[in-house]
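J.: Numbering (numbering that gives the first Met the number 0), first residue to last: 0 to 278.
Keep in mind the hints are simulated off the structure, nothing from the lab.
Be careful, since some hints might not be right.
Below 20 angstroms or equal to it, Euclidean Cα-Cα: the simulated EDC-like pairs (lysine to aspartate or glutamate) are [to be verified]:
hint	residue 1	residue 2
1	Lys187	Asp50
2	Lys187	Asp119
3	Lys187	Glu125
Pairwise CB distance ranges (calculated) [to be verified]:
hint	residue 1	residue 2	range
4	Ser226	Val266	30 to 38 angstroms
5	Arg263	Asp63	20 to 28 angstroms
6	Gly78	Arg263	14 to 22 angstroms
7	Asp14	Asp127	17 to 25 angstroms
8	Ala49	Val266	16 to 24 angstroms
9	Ser260	Glu188	29 to 37 angstroms
10	Ala251	Ala49	20 to 28 angstroms
Keep in mind the model is a prediction, meaning the values are calculated, not measured.
Every residue, glycine too, gets a C-beta built ideally from N, C-alpha and C.
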Amino acid sequence: MATLTIAAAQFAPVDDPVANLDTVRTAAVDAAARGADLLVTPEYTSYFTADIDDRFVAAAQPLDGPFVSGLRDVARESGIALVVGVAESADTPERFRNTLVAVLPSGDVAATYRKVHLYDAFGSRESDRIESGDPEQLPVFELGGVRVGLETCYDLRFPEVTRRLAAPETGAADVVVLPAEWVRGPGKEHHWRTLLTARAIENTVWVVGVGQTPPIGIGGSVVLDPSGVAVASAGASPGTLTATIDTTVTDAVRRVNPSLSLRRYDVALRTPPGGPGQR
């Protein structure tokens, strides 16, 4: 048996990395006071504006830059781990990477994940500015005996991502955390909650979705157990929720529903149609 208390802090990041780092620091202090082992914040925590344009490219930093260095300090000071969305510098000057950084309480970086499925949908074109990540990434790290998998926002619409993280022969994650900037729009709240719930049920895995709040995002952060039941959830306002992941619950659910062991298909990588920034 292993347990992990996770805090999900939802807020609306601004176009000021210093201010956003202060928000993370405040959330980490609050999360630690609540007994959390891990704090998760939204996609684009380091920098955000409504339009993904050259300002993002200019604001992007390398992973050894001041924002991630600040995250490492926050983790050491608060004594808890962090998963935070950052705008990372890319290899090409006109692009950046949409990256998750996982930092241990020691301040060491445990894992990074560069978003694979870029948001070229609902009128948006992330691939115009973002360099997509390698689809062979398997971003899973261990914290307190619990294996934590990472994915980002639009990845949620591709069930293979969560399956690969959760399947015992690949990621074997006990919990999948998904920072997002889930843009508001007709039916979007329904999509968010339905897809998160489906990923939990079909993989019998804990799922933590953490969203940006309005005016652009929907909020709606939630922690779902391996049977798809919400054990903690939030509305649209900024705030933090906490819940404890318990692997004995996972074991019990999988004894009743051993779907991962009964499946007959593997996940295979494929090359997308392409476009700027896509792999």
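J.: Okay, which hints does this one fail, numbers in order?
T.: 4, 5, 6, 8 and 10
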